[in-house]
Structures are given as structure tokens and as C-alpha cells.
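With the hints as a guide, bring the two chains together.
One line per chain: the protein sequences are A and B, in this order. Mind the numbering: the first sequence is residues 2 to 346 in our numbering, read in order. Mind the numbering: the second sequence is residues 117 to 591 in our numbering, read in order.
Simulated from the structure, these hints should not be mistaken for lab results. It should be emphasised that the depicted structure is a prediction, and the values quoted were computed from it without experimental measurement. Treat each hint with caution, since some may be false.
Said to hold, decoys possible - Not the full set, but computed from the structure, chain B residues with beta-carbon under 10 Å of chain A: (1) G152; (2) P368; (3) M379.
Idealized CB from N, CA, C, for every residue including glycine.
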Amino acid sequence: MLSRVADCLFWMTRYLERAENIARFIHVTQSISLGDAHNPDGQWSSLIFANGDTKQYEELYRTYTRRNVLEFLIFNRQNPNSIMSSLLKARENARTIREVISVAMWESINRFYLRVREAEQHADEILKNPSQFLDRVKRSSHQMIGAMEATMSHGEAWNFAQMGRLLERADMTSRILDVKYFILLPKASQVGSTYDIVQWSALLESSSALLMYRKVYGRIEPKNVAEFLLLDRHFPRSVRYCIATTRASLHSIIQDSQHVMAHQPASEQNDPEYLLAQVDQQLSDLSIEDVIRQGLHQFVDDIQTKVSDIGQAIYHAYFELSPIQEQIQSQITESGASTQTQKQS
Amino acid sequence: MKPDYACDGVYDEFFSATSQPRYPDLAHSLDIMTPGSLKKRQQTAEELLHERGITFAVYGHSDGNEKIWPFDVLPRVITSTDWEMMHSGLIQRIRALNLFLDDVYSDGKIMKDGVVPAELVFSAKTFRKQCMGFRPPQGVWTHITGTDLIRHTDGQIYVLEDNLRCPSGVSYVLANRDLMKFVLPEIFSGTSIAPVEEYPERLLQTLQQTAPSDVENDGPVCVLLTPGIYNSAYFEHCFLAQQMGIELVTGPDLVIDGGYVKMRTTHGLKRVDVIYRRIDDDFIDPLAFRADSALGVPGLMEVYRKGNVTIANAPGTGVADDKAVYAYVPRIIEYYLSEEAILPNVPTYLCSEPDSMKYVLEHLEELVVKPTNESGGYGILMGPMSTAAEREKTAAEVKANPRNFIAQPMLNLSTVPTIAGDDVRPRHVDLRPFILYGKEFYILPGGLTRVALKEGSMIVNSSQGGGSKDTWVLT
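One chain only, chain B, in its complex shape (with noise of 0.2 Å):
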């Protein structure tokens, strides 16, 4: 590794503050690699994902437009200890956020007991009043969660959003390790790992534990729905489906017929009774959402809310990650579970509140605004980099409508060392582990290590310059 690595002020996975690897093995089996070594063991990698056709977006049609999602090949590392916390927070604040959607969409005591303000929840985009009444089987509303943890320069990990939709991402987490395995298997002796491998056999457990009660004699008929081809996920839709052996549908190879979903296969039409959906609420269901999707399956909510089919994850999950409910998790998590949070939220201020309003309007320059149900970081004013103009506008609108807005504080996240050009340098990383809840609770251990891989950016996005590191959980 390179001596002149210099992380001031900010967290490093690798390296602690006076320059020390914390994980020496590891040091020492990437140390007496050359630095050519490493980099031609890189271009290894990114010719192996061309040919496996490891991709990630394309827009348009024919070709070309698929690209490879850069793949960094130093492993970012994580204490078993670190872990350990991670897993019993990450357990801790999904099984709460179940039972709060459970009460959101039934009696609504946390709303009528003032914990979390009823016109909130209402108010949220994702709230669907189709869903109310309804009891998903086994109480079971995200079957799979894609959280986001970020480390700030204290040292302390953090939630920064909950995805409790459609999470993308964890394809990359097991093509990596493939990856990694074959381009350099040197780095991995000595060192013990937890193992990923087993992520799909799980995940199709936790499919056919929530499956409905009167299934076909054969078990569980579980298929997988994508919107298709043109996707920018469309290959992790293929790469689950294939590792769990079930049927990759589209809306239009699902009709209703007798009251069931049934999927149209060369012999006639075939009873599917688990959907793991790829596609949002918004979609699945011209009838009971947008008219105009030609993605979905007309009548998939009269048969779901007749218990004859479930849908993974719930219609009706997005409220639960809505960002001022987000604020409002670590309550969440005291009123139905009487416990502290053990993963933290980034501060966050709820313009609703005067206090944290005033705070808010007086601390513009330093602060992240967000409005509350947006996404996709439209009409985000990061505050260290807004000028006075964008200021003055945020303020205006944050005092017309102080429930519509959120602030935190701009976090630094963690870097780790990582290949850029011939030398190793740190790069901003997040982390989003993947949570199965069906009968019990399965973590895929480590997850999904996005990096920005320009300087000081701290943008991990696919999109925007990210790319993936293969993570290891120590054991």
C-alpha cells in the first residue's frame, strides 16, 4: 500500500488515525503485491464483467447502452464486532417498522397514542388507503430490505435511509465475490470470511414461508415480476431468478382467472401464488393504481386482498420510508419494541417542529434540506455548497410549508483504499446490507459496498461515477 495514503479527517475502514492497517493480514497479502500486479488484476476484473455481461442500465433500445457497473477489487472490511451491532440494529428496526405498518394500516394506536402525527403518515405518497384493513400473511410487509448505513468521521455508523420497496443491489454483492474469488484468490488466504453464497436459497425460503395457506399439492409457486428488458436493474431480475430456479414473468405472462394469479406457459395457464415484485406499487395494478401501466397485472389487488396470492414486498411498504417517518423510526422503535435504537438516524429536523425550524432556517449553510416526500433528490439544497439565492429560496418554502421539509447535517462518510489509476487512494464509501424477514430474520452478511471513485466525491450512485467493492464481514 502506498505510503503517502493521507486520510485527514475523515474515517478510514483500512487504515486508523496514525496510519496503522487494522486489518494486518489482509495488509500484508496486498503488500507483496506489485502495484502493476494489482492494477492488471483490475482490468481482469472489468474485462470479466463485459463478458459475463455483469451490467447495469440501459436506456433506448438495440445496444451500446448497457454499462458495466465499475468494480473496484481491494475489499472493504468489517469487524465481526461492527458487524455483530449492525445485525441486531438492523433486526431491531425492521421487525418495528413491520409492526408499524401493521398498525398504520389497521387500529393506528401510534398515531392515536401522538407518537407519530396522523397527518403525516396520511399525507405520504406512498400511504395507499387501498392496503387498509389488510393483513399481509405471517404479518410480514417487507420480505426484503435494502438499508442505508454510512460511517461519519466520529466513528459511528449510521442510518441513512431505509429502503423498504423494491432495494436493488444485491446481485452485485454475489458477482463480486465470484469475481474476487477468480481475479485474486492470493488475498483471501489467511483471513476468514463470512460467506454470501447462500443468499438465494434464502431468499426463496422466505418466499415460500409467506406464501398463502392453500397452495397447489406441488408447494409454492413463487415467479419473479420485472418491468423488463430495458430495466436498469433487469440483470439482478434475471441473475435471482435464475439462482432460485423460479419463473422470470413480465405483467403480460400474468392473467386472473378464478379468482387466482396464473402465469401463461406453453401448456395453458399455471397458478403462481408468491410474486416478488420488481416493480412499485404505482404499477402492479392498472385497476387499483395507475390506469395508464402497461407493466402491471389488472386485478392483482382484488385477488391479493383475498389472501389467494402474496406480494413481496406488501403494497403499501413506502410509507414506512417516507423521510419525516424516517425521523420519527427511533420512536418507533421505543413504542413497539420498548428498546433504544441500537443503529442511530442522522439528525434529523422535523420542520414541523418550531424549535427545529427556527434551528433549521438559522442554519442553512450547514445543513442538508430535504423535502419529505420527494425522491430521487429532486429539490435537495445541500447547504455547504447552495448560494445565498438558493438559501432564500428554501427558507420561503420551508416557512410555507414547514411539514413538507426535513433538514440533517452533512455527514463525511468512511473511506476506504482503492485502485485509482496506478496508485491506491481512499474513496467514500456507504454500505446497504440486505434483510430477509419470513418466518425468522436472515441477513445477507456485509451487503452492498458502493464507492464513489472520484476524489472527494461523495456521491456512490451507479449513475453518477460509483462503482462496488466486494465486503467482507470477518468472522
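Just chain A, with the same shape it has in the complex (with noise of 0.2 Å):
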């Protein structure tokens, strides 16, 4: 299929998992925050930190309110992160491949687009009482999942998008763990208490994890949580899982077309298969206890780099246009000199 199409893909997937991911990051918030009288305003600026948004968001606003920080993650436009402006580069990018896509997904994501728009009409009333909506962007977000699991054929296209969501999910599930750790680390004294395990279950709660999680651990223990979010093979947010899945579908396309890429990594770290591996191998080697003694917060910190250079080096690999523009303008100004399309950089 064609580079920008794959590119647009992706990055389709990936806009509008985004947008479910802040609905789930407030969500947590605001549950963590509720009855917690003495800070009202502690939590949200902690959320803002752990999506690595300060220093735009300072630009934009003087203080972290609750109204502030909703408005920035949720309508504000120059906000690239907020849930308006993903809506706005999903269906850009499902807009400009709609001839790939499912009529289903295309409606499914116009129609997503449309009902984030009208709420942004009665902004007001949905920064007052965020909840409704958020759970109408969560929904939203999985009809176009399931339209997407359901009638678009699992070949090359649905593999690419397959891969945005899921590297999205990672970061954002290592985030939303994250969080935890800027909001509960200074009350190290409360671990076990009543207290701790109400924000613990809304952590999970955010990511949909709570009965999934009970089923595997029963009680509410932060490392299990931290084990479950991260490390479980079978639940479909934990970081794990996406990195696997994600594997799973790069190998597919590699399958598909013979090993071909349209320009083939110079080395193993250029390599998104080879990056894929070893993250997939070190995520199943590994177990919570290692993970607690390197320290939680850095291990997010580096999965997050990871994913990173993963994205990058499916980049390189498959969208990236640049080098064979560049030999054909030389090859239009040399005047016929022979082309050599893969570019070995």
C-alpha cells in the first residue's frame, strides 16, 4: 500500500486512542480527587506533569484549576493533545484515506468528530460535569474499534492501524500508572489504608481493569496493580500486551510482503522488528519485584523511550518519504541518470 497511506493509518488509530486515553486520565483524576477536600486542586496539576504537557500548558494558563486543566485537556485547540484537537487529526487522516477504510470506520469516526464538536457548544456545562462526556468519548472510541475489528479486512491497512493504537496504548497506560505515582508517593504513610485502596481501584477503574483485575488477584495490592497494568499477557491495556500485539502485527506485514520494507534500517536499532523483540522479550522476562527495584517511575520512563523509537522506525521503514524525493529531484536536474529507489541510508 501506498507510504502515506500506511502513515495516515497509523496515525488515525493512534489520534483516536489518544482521545480515549485523556477521557480515562481525567476520569481517574477526577475520582481520585473527589473527597479529597484539603487539595481540590493538587491532582490536576499532577495530571498535566505526568502527560509531559507543563510547559505548554503554562503558556496557555496562569493557574491549575479544575476548570483549567479540564479545558486544556479537553477542548482547548492549542492544546495538540487535547481530546478536540485528536478528533480533529483522526478524521483529518481517516478524511484524507477514506477510500481505505470501512464505510462503517469512516462513519463511526465522522460521527465521533461530530458529537465532540457539539459538545464543545455547551463547554461550559460539560467542564462542570465532565463525566457524561467522558464516557460518551470512551464509547465512541471503541464503536469505532469494533466497526474497525469487524469490517475491514485484517490485511497490510488494518495491521498499520492495529500498530498506532496499540504503541498509543503503551505510553498511555505507563502514564496512567505514572500518575499514581506523583499523586500517592508523598503519602507513602496511607499504603494499605481504606484511603489508598479507593484510589488504587479508580486507577484500575481508568483503564477499565478493575474486574479484570479482580479476577487475577482478588485483593487490591499496589504491586499487583502495578504487575497487572504493565506486565499481564492477556489484558488488552497492559503495556505487555499492546508491545506483543504490536509485534504481532509488524510480523504479519513483514509476512505479507516478503521481508520487503520501502527502505530497509541500516541497523538493529533502526530496526522496529528488532526494537519490538526486545522490548516484547524484556517485558515477559522480567517481573514485577525487578521492575519495583530498578524503581517504577524510571521503568515507565524508559518503556515510554522505547516506544518511541519504536514508532520512529516504523517511520523510517514504511512512511517516510524524503529520500526518494530527494534522488529524484537530482535525478530530474542530472537529467536521466538511473535511479536507485531504496534508499540505504
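Dropping the structure here:
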């Protein structure tokens, strides 16, 4: 398929997943902050820290109030990662490749976008109580995932879309876990208290993970929660599951194309297949005790760097257009010189 | 239908001069619906257009500027007799225009024989000297044509314009039919209508039939070349590519490699045999035409001239839909086919002919004067609505450069019952049938009916308050 189209597919699902996860982020913060009358706005600032949006935020707002943070994350179009911005970009990508995705997928993305735009008209109301709106965002995202699962051939295009979504999800799940660190670490004395359990439950709930967690572990233990979200083999939002499934999608793309990429990676460090195999292996070998010994925050940081490297490697191997473009330009000026189409960078 | 529906002095497509419905079965299906119910269906149709994202224009970017094209649920009906006449008239016209293009870009016999003045042809802005001496595969220049037809008060159907370059609108024909079946299924009952759904299949067939002879094993690879997401017809480009199952490409997706056009895929370069381009000649190759074009593919014309890729429609077809050449089409038909034109032109006065110029200058108040080499309505004088000063200015221009002007009488477009608020009112329409030409001809039954939604308006353009209707050819 066209490199440009693959690129759009990858980012279309990535932005949709981002919108869903921002909704989840807000949801967990909302749950944790309700009932914490001592520090009503404290939770909201850590949400921005965990998301890595501090600089962007502080350019736009002076204080970390609940309302400001919500507006920044939901509707602000100057925040490139807001739900609104994510939807705009997801739809723009979908519109660009409308001929590749199924009609059901296009309609579900278009409807999703129209809903959020409509909500923008009642922003004040929604910022007061965003719960229902956030639920709708999650539902719309699931509907699109369902449409994609059920109506699009599970071939190359589908696999590129899968990879975009799953890499985004791996990144976001790790960040949601990180929120916990920002919020709960200062209160180490409360570990094991009722208060703590409420918060950990909220965290699990935000990943729709509470009931699935209960089936595996029963009682809530911070260590187990981290294990579940990072290392569980079967839970579809765990980092390990996302990485393993991304790897499977890439594998299927490589198989179907007899191992030909648009640009063969120059080294292992640029090879998406190698990088994915490495992280996948790491996540299946590690125990949660290893992770905690290493420091959860450092581990999560490291995972995020690797996810970003994998995204870069996929881009260079499959989407990038500029190297050929340069050659073509020089071919034109040199008039008629033969071209080498596979650029070895 | 409302009893006070009046259509004085205009041909109405639904009611005869004595206010009797021309299609009693359809009139009955509509009559048994309450006005409220019809209005509700109309609203449902509009909601669906939004949800399906069937849009026509985007200015700037991000969002908010795509508009849905208003759709009116009352269909426009064409009898089988009228359709047969249009069908044979269009085939005759397109056949002759293709022979004309073949001739213009080779021997120029028609000009040597003095039927069409050579200077008129060579001075057309759309004449492409880069195409001289080249004959496209199968001699097909206009793979896809969208001819604009109108019906005047006299009941006669006229050709208003031949759109031989990148005619658009066919996606709305298909979308409209689909929408109609969804929102108003009951009015189809008792009426037998020619299907439109096979168009994408026929289009793909046409493209494949005109591929270069030496294609690789799996048969010809066809693509649709679009200027991109901000083009007003982007929805249509996506729609057609999707319906045909071919790649939708932009200029930067294509490169020239080893004398062929190739597209950049996730697995490297892949050869392309047929390009259905929705980009004007000017922009398809910055090396051959406009150097500042970023939409096209540098070197494309060289590959084309070697016969290694088919471009549909062929570059250079614009010369045959130039407004001055238009006036010669009946003579062109007679010259190549020895037949009289089945579909008449709108009477056209060429100011380059002294008698005609005299007539035009004496009747400026009744005529529409158009520059021959301009497009997009630029420089048109609408006589009946003009001021004395405007007429003076135009008269001076015509006298200074008679060859640059033509004039036509103002024609009254026919009307069709259309929903206007709570009522049903006559609104003016035109018709754009789509003609495919590969190994043989195929004409999509009916075509696109555009309707001017404002009362009395004859401007059917989507940008100026126009909408569209489903078009039924009875069988």
C-alpha cells in the first residue's frame, strides 16, 4: 500500500486512542480528587505533569485549577493533545484515506468528531461535570474499534492501524500508572489504608481494569496493580499485551511483503522488528519485583522512550518519503541518470 | 402536491402546461404522503449527509468548512423517449469531438478544409502544443465527459457546455440514489427506473481498456490522482477510488523511475499503468506545464508521450470545450460523421463573423456575451440584467477584439417540483449526464440534476445556493 496511506492509518488510530486515554486520565483524577477536600486542585496539576504537557499548559494558563486543566485537556485546540485536537487530527487522517477504510469506520469516526464538536458548544456545562461526556468519548472510541475489527480486512492496512493504536495505548497505560506515583507517593504512610485502596481502584477503573484485575488477584495490592497494568499477558490495555500485539502486526506485514520494506533499516537500532522483539522479550522476562527494584518511575520512563523509538523506526522503514524525493529531484537535474529506489541510509 | 404550484412561461418537468402530472404513478405516491412527512424525510436526508460526511468544499483547513451539498428528496424524472434521444445525441457528439481532437493534434484536416478556423483552435488557452503528433491508446481522448444539458421553454433539450477535462459530480448521483432508497423507499413502488449503481465498475473497465499495451502480469494498475484533501471535489475522488478499489494518490506519491510511473508503497516502488487524473493539464507535470505546480509529477508527460502510461482524460482535450470551438460542434459532427447533430447547441453568435457581430451589438440587452477563452464565469455580460455602461464597455471590447467573444440568447431553464420550507415549488434545474468512452460507450442513465434552490434563480452551482436531486430515467 502507499506509504502515505500507511502513515495516515497509523496516526488515525493513534489519535483516536489518545482521545480515549485522555478521557481515562481525567476520569481517574476526577475519582481520586473527589473527597480530597484538603487539596482540591493538587491532583489536577499532577495530571499535567504526568502527561508531559507542563510547558504547553503554562503558556496558556496561570494557575492549575480543575476547570483550567479540564479545558486544556478536553477542548483547547492550542493543546495538540486535547481530546478536540486529537479528534480533528484523527478525522483529517481518516478523511485523507477515506477510500481505504470501511464505510462503517469512516462514519463512526465522523460521528465521533461531530459529537465532540457539538459538545464544544456546551463547553461550560461539560467542564462542570464531564463524566457523561467522557463516557461518551470512550464509547465512541470503542465503537470505532469494533467497526474496524468487524468491517475491515485484517490485512496490511489494518495492521498499520493496529500498530498505531497499540503503541499509543502502551504509552498511555504506562503514563496512567505514572499518575499514581505523582499522586500517591507523598503519602507513603497511607499505604494499605482504606483511602489508598479507593485510589488504586480508581486507577484500575480508569483502565477498565478493575474487574479483570479482581479475577486474577482478588485483593488490591499496589504491587499487583502495577504488575497487572505493565506485565499481564492477556489484558488488552497492559503494556506487555500492547507490545506483543504490535509485534504480531508488524510480523504479519513483514511476512506478507516477503520481508521488503520501503527503506531497509541500516542497523538493529533502526529496525522496528528488532526493537519490538527486544521490548517484548524484556516485558515477558521481567517480574514486578525486578521493576520495583529498578524503580517504577524509571521503568515507565524507559518504556516510553522505547515506544517512541519503535514509532520512529516504523516511520523510517515504511512511511518516510523524503529520501526518494531527493533522489528524484537530483535525477531531474542530472536528466536521465538511473535511480536507485531503495535508499540505504 | 400543492394545487397552487404555478409554473408560468417555463417548461416544468413534472407538470404539463395544463397542470396535469406527467407521471401519474409517482404523483400518486407523493400525494398520499402528508406534507409534514415529506419535510421529515427531507430532514432525515440532511442528517444522513452530515453523518456520512458527503461534503463538497473545504477552504483553508482543519474543520468547519466542509459543506454538505443540499439534497432535495423530490426526484427529477426523464422519460425513456427523451433519454434515448439524449443518449444517441451524446454518443454522436463525443465520438465527433474525439475525432476532432485526433485531427487537431495531427494533420489538422478540418482546419485545412476551412471548417474550423485554425487560428481559433491554436489561440485557445487549452490547446497544448506538447500533445502534437501524439495519439492516446485506442484514440480515446475523453474517457469521461460530463456534458451540461438544459431544457428551454420550447421543450427542446440543448447542450450548454461540453466538459471534457475533469467533470465532477458523479459521486453525488450515486450517493443521491442510495440516500433516496434509504429515506423514501415507498415512492419507488410502481415505477421502473434505470439503475445507476454500475458506474464504478464501468469506469474501471474504461480505464483498463485504455491501458498501454505492455502492462505487467497482473493486468493494468489504475490509480486516481487527486490534488488532495483541500480540493472541493475530494469527497468524490475518495468515493470513486474506493468504489473501484484502486489507489487514491497525490503527486508526491508518484515518481518516474526507469521510464515508467511508479507509486511509493510500504514495500518499495510499484508500476502504474493508468492515471485517472482529477488535476488540470496545467498542474500535472511541472516540467511540461506550469513549473510552480506542486500537485503533479515531474517527468510524467515524457513517460506519457512514450506510451508507457495512460492519462485519463488525455492532456489537451480542453481545446474541444473552448467556448468558441463549441459554436462549431454541429459543423464538427457533420464534418466527421456526415450526420446532423441530434442535440442542438444553444444558438451562438461568433463575433468573429461580421453579420453575427452586427446582430450581437444591436441586441446586447437580450443576449449573454461570453469571452471565449475565459472560464469560471469571468467577463460575462448578462444582457437583460446589465446597465447601459456595462453594455457600452462590452461593445467596445467586442469591437476591439471580435474573435474573443461569443453571444447566446438567455435561455430559461426548466423547473422541477422542489421542497421549499413547508411547500413544494418549481425550481430551475440543469442536467449533467456522464459519458464513458473506452472500447465502447457507456452513459450513466440520467446523470446529475442540479437545482437552484432560490426562487427564480437559474444559478445551479453548489457554491451559489444550488442543490441536487436524484434523477430517474424511466424504463
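Each hint, compared with the structure:
For B:G152, the shortest C-beta to C-beta distance to chain A is roughly 26 Å, which exceeds 10 Å, and the interface hint is violated. Evaluation of the B:P368 hint against chain A yields a held restraint, the C-beta minimum of about 6 Å falling below 10 Å. Annotation: interface hint on B:M379 holds; nearest CB of chain A at approximately 6 Å, less than 10 Å.
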